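There are 2 protein chains.
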Amino acid sequence: MSDNISEELKKRGLKNTKHRAEILDMLKRSDQPVSAEQLFKDMLDRNINVNFSTVYRTLDTLCEKDLVSKLTIESEGGALYEFNSTMHKHHLICLGCRKIISLDYCPLGNYEQTLAEKTDYLIAGHKLDIYGYCPECRKTAHEG
Amino acid sequence: MSDNISEELKKRGLKNTKHRAEILDMLKRSDQPVSAEQLFKDMLDRNINVNFSTVYRTLDTLCEKDLVSKLTIESEGGALYEFNSTMHKHHLICLGCRKIISLDYCPLGNYEQTLAEKTDYLIAGHKLDIYGYCPECRKTAHEG
DNA sequence: GTTCTAATGCAAATAATTTGCATTAGCTAT
DNA sequence: ATAGCTAATGCAAATTATTTGCATTAGAAC
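Residue numbers (this note's numbering), protein chains in the order written: chain A, 18 to 161; chain B, 18 to 161.
Just so you know, these hints were derived from the structure itself, not from any lab.
Given the structure is predicted, the values throughout are model-derived calculations rather than measurements.
Accuracy of the hints is not assured; some may be wrong.
Lysine-lysine pairs mimicking DSSO-like chemistry, simulated, CA-CA at most 27 Å apart [stated by the list, open to error]:
#1 K82/B - K116/A
#2 K106/A - K87/B
#3 K106/B - K106/A
#4 K45/B - K144/B
#5 K135/B - K45/A
#6 K156/A - K135/A
#7 K35/A - K45/A
#8 K45/B - K87/B
#9 K116/A - K135/B
#10 K156/A - K32/B
#11 K144/B - K135/A
#12 K106/A - K82/B
#13 K45/B - K87/A
#14 K82/B - K87/A
#15 K82/A - K156/B
#16 K116/A - K144/B
#17 K82/A - K45/B
#18 K116/B - K116/A
#19 K135/A - K156/B
#20 K87/A - K116/B
#21 K87/A - K106/B
#22 K87/A - K27/A
#23 K28/A - K87/A
#24 K144/B - K156/A
#25 K135/B - K106/A
Starting from the given sequences, assemble the full structure and let the hints guide the process.
Okay, here's the thing in structure tokens:
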């Protein structure tokens, strides 16, 4: 559990609790978004006795403080969470194995600005997910 | 209830039932995505006695047959549904009043192809939603 | 250590959606 | 029109994801 986690918590007026730090650490390490259930199970597996509602509440808190972001992927059971690098991310989701890759590049260019001018909206951000089949899955995609 | 609805249903081997046609018609007329609950209530209001599970089942069926598409907007309570014009759509969602505007233009250009080449994924499609504040809401956005 | 409040556990409540099974209503061929 | 077959519906109950109230506990500051 690297130490700047406790820093990041402190900085936002959050107590540095075992569960909180643990959840944040798991998200930080994960290369893809994780569900609340997954986090919960992983903690139990490692004998960290935590309650499910704590996991949800912690995730809520971390999202509020912008340490984590929550995403809702079409047709996933529930929400997923990922560590919120300041960089804005998009996702490439494999429809076969459900693997999710985070993409750094954003193809929108100055579309937001154009849209703002056209609609007079104040644009806050956007969400872009790409769906497809990964190299392994595309082989079998049109069989079953 | 325009008649090509019964056509569209027949074409896909679906029985032309009152509820089914009604739901499809409502979606066709709506200028923005609608929730299952909204559809359900609207029908009750017009004395069309329908069951909630029928609404869900009908929507499922219509989605399977690509007559309707389902969308999950970040932080909405549940899923929304819209008539599936073959045109692919994006959404501009007002964070103030939750109004949703469908956009026809897609700023992705040939990004899907580029990504396909780079990742060796078979790209199936994408989902893009833009968030912001509409002209009415942006006035009050930074007050409350 | 004491004290104060935020964080947690636990159990129960909600909300959204799904499912099993009995009944009914569309379509098809007569 | 009508009989027959199956898909569609109603109803009630089950699931799943998430939230909440309240009593208890554990960080942080002193």
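Structure versus earlier hints, numbers of those that do not hold, lowest first: Those not satisfied are hints 6, 10, 12, 13, 14, 17, 18.
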